[in-house]
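Going down the list, the protein sequences come from chains A and B. When you line the first sequence up against the numbering used here, it's residues 1 to 94, in that order. When you line the second sequence up against the numbering used here, it's residues 1001 to 1830, in that order.
Note that these hints are calculated values from the structure, not bench results.
Covered stretches of chain B, going by a simulated chain A footprint (3 or more residues, C-beta under 8 angstroms):
(1) 1010-1023
(2) 1027-1041
(3) 1065-1076
(4) 1093-1100
All residues carry an ideal CB built from backbone N, CA and C; glycine is no exception.
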Amino acid sequence: MPAADDSKRKAARETIVGLTEANSQNNPANLLQQDILHEISTLLNTNLDRQSLSYCVSLIENGVNPEALATVIKELRVQNTRYEAERGAAATEQ
Amino acid sequence: MAHAATVGELATSLVRSLTGITRDDSIFGGLKDRTIKGLRDGGHGRVNPFEIKDRCAGLVEKFGVLNRDDLAEALQSRLDSLPETRWIPDVLSLLLQLSNRPLENASLSDLDGLTAVFSPPPELTWEDIVADGPLTDDDAWGEVERGYHSSGDDEVFDGSDSEPTTSTQATSFAEDDIAALARLHIVKPDAILLGDVRTARETLSRPRDSSDVNAVSELILIRETISMLRGLPTDLFSVGSGAVVSISSNLCIATASKPMLYHLLSNFAEIGSQLVFLRHWTQQKRSEAYVQSIQAAVQSTTGTIDLNIGRLEQRFIEPPDSCVVSLIDVRIEVEEFTRAAIHLSSIIAANDRASNGDKSSSFALLDALYEEACVADMAGDKQLFNAIARALLAGIRTYLRPVLLWVSSGDLPKQGADTFFVRPGVEDCPLSEIWHKRFALRLQTGGRACAPEVMQPFIEQLYAAGKEKAFLKLNGHEADESVVDAVSLTARLSMATVTERLTPNSLMSFDELLHELLQDCFAGTRSPDTTTLRTVMLEHVDLLRHTRALNDVFLGHDGMSLQAFTGSLFGLLQRGSSNWHDKFFLTRLVQSTLGAAPIVHGHCITVSVLTDDNHPARGPISRQLARIKLAYAVPCPVQNVTRSADLPTYSAAFSLLLQIEYAAYVLSSQTFDLRKLGFGWRSAGPALQETLSLRERLIWFIGILRSHYGTVITTHADGLRRGLEAANGIDSMAEIWATHDKHLRLCLLLAPNVAPLIDAVKHILRLSESLEDAWPSLLDQSTSLPAVTRMAAEFDKILAFVAAGLRSVSRAGGVPALEALAERLQWNAG
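Construct all of the structure, not just a fragment, from the sequences and the given hints.
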């Protein structure tokens, strides 16, 4: 039915717009949510800065498993530590 | 693919953010790949939101137990503030997994150091301003007009592409930063949604003769149709000259064939044409007040249609769960609630075409509405009847206002006087002719009064009622001064009253009810205290007294006063007085004799003496008596009944009466006293005996005449009195008087068709005078018998003629009095 199709398209459009706005950095609701999450992250001592946290939230919203993400983050930190150590050793040798 | 790209981008950003390694580094690619691979690892179970919630609660409790209430409260408050979205449990799961001994390492002071990632826009510098546009205009550095400067005068600044100038992370705004606050609530219109509307408009805007046939949805057609029915301009329909709506686009829909679609749209176009005509007609300036009222009533009908269209439209704006979008359904619904308006439109359009400025059809619209309302009532079509009757009653209420003013005060309306059913007659007519000449009925071609058809049965009644008020006012008998409230009287002519009366009585027709209501309305103009014309004429003007006075003055009702007058007058005439015809003397004589009766106003009597070819100054006394003309000044209101100030019938009757009295006077005088002769009757000669015989017969004739006149006068006077007492208006009084006058004239032989008879009677009366003149010569035997015989034969001949004439006239006219007179004359004559 034409009227139902129109309403469905309208609803779909609204959802996409809502998601877009929700993902928008400038969305006030999203910003508030990010504030709170950052504060919780700080209280839990996750060592995630705001930017990284926003990336994590975006990844989770795109369907990434949080446990997998946590594993990746830990691995990256380890890799980073190793890389920092190697760079530091290379700088000392020079 | 898009999702993978998004995840890849985010993973790249995450790597760069966590490690600080950029793309330029050699290990970046490997890191990124391992990251993406790790993110795609599907070996982990889904997050259980309840478990996460329990873990968070357990963590809060742990903080509390371990004497870190600050952390516990801070964490709990943040957890409570989190919005309940789909991803929050997952994010909390991530944070819990990444948490690193918060009990030892976390502190509330860390929260204070948190600031929003805010990148304020670069400050605007003069270099930027000059680069944008050099300030070389002369007006740029001119004096600014001091005074109120409204920000609304400034050029509108489109801030959609610029970053907000204040922190959106702030929990409170400056009181004067209203613009920022407003910007937070601005919702940008969705260009995608309007795109459909723009596309539809472009499709509909293509002309009908275009070869492109474009498909549109039924909803769009319904929207265009509803707008057209409202009278708004649309792309699908166009309004041409004469308020004719036509289809202007070449299109089709998926659910119907093209002929079917155009048939539907044509139906709508016809309906729209009628509605457009109605709306245009209600906006026309019309001079007639009742037409303006009809326009207002029709406008309320179109307003009701607009409401119904709004309700129809609302169904598509906020569709219920099961809403069928069907052009056919819309057509059925629209036809239903516009049926009455379309019929009204056809009535008005037909009337406009027929009248075309013709003044004779001033009330053609009212008549058409009246007829259609009666037909609708008979047909039982309530919807149509209500619409037409509402317009009809509105017009009638307004039409009745000047009518009620006329009925209650006798004043003609100033506005709309050209179409009012009463027109002014002779403006400066005397008071004696006010009733018959001051006003007149305005007639249309065909002889009907200039009034609506529904008012025709009441025209005579209303005309007389208004004339009555005007008559009383002009004659100084002020009518009741209370102002008739036309609005309250006409308020009964409403649909509420009609519905209330017709609903319980299904056998009563609208026509009958309307007549009843109008009758009630007109009856409401008279109050019990209202002075009626009849009362004024009979009691204040004393009409009956004046008519009785006429009998006394002109017809010798009082024999003694008549004898007193005639005795004085005839004595003067016999003595040969030269001043007998002095009008002042005669007036004084009449006023002192005939005017002495109690019911007569003596000062109203005047006498004049005619002197013309028909009334020579010399000749027999009986002819001289015909010169005397008596006049009695009746009041002006009475003259409106008698239609004459001279009363010619009464004047002629008085003149004849004088001649009869004179003939009786000369025949009974001392002249014929035989005791003076000195010899007896048997000693008289044959001529003398013949003379005396003729005298006896003349006396007999005069006696019969007197008896006849007395009977006629008395009979007619009684009939006149009864008729005038029963009359209810001046028209009936005048009619009664005219009948009385005609009958009196006929019975007294004064009518033109019996002129030979009255001449014969007068000839007989002159014989009396001749006999008196011949008596002295008869005494000295100088007059011979043949002369006397000749006079006697003349008398017999004229008598026979008079008797025969009377009999024929009475048979032809059916006058019993003349028949009785003829019989009496024939008895003794035979």
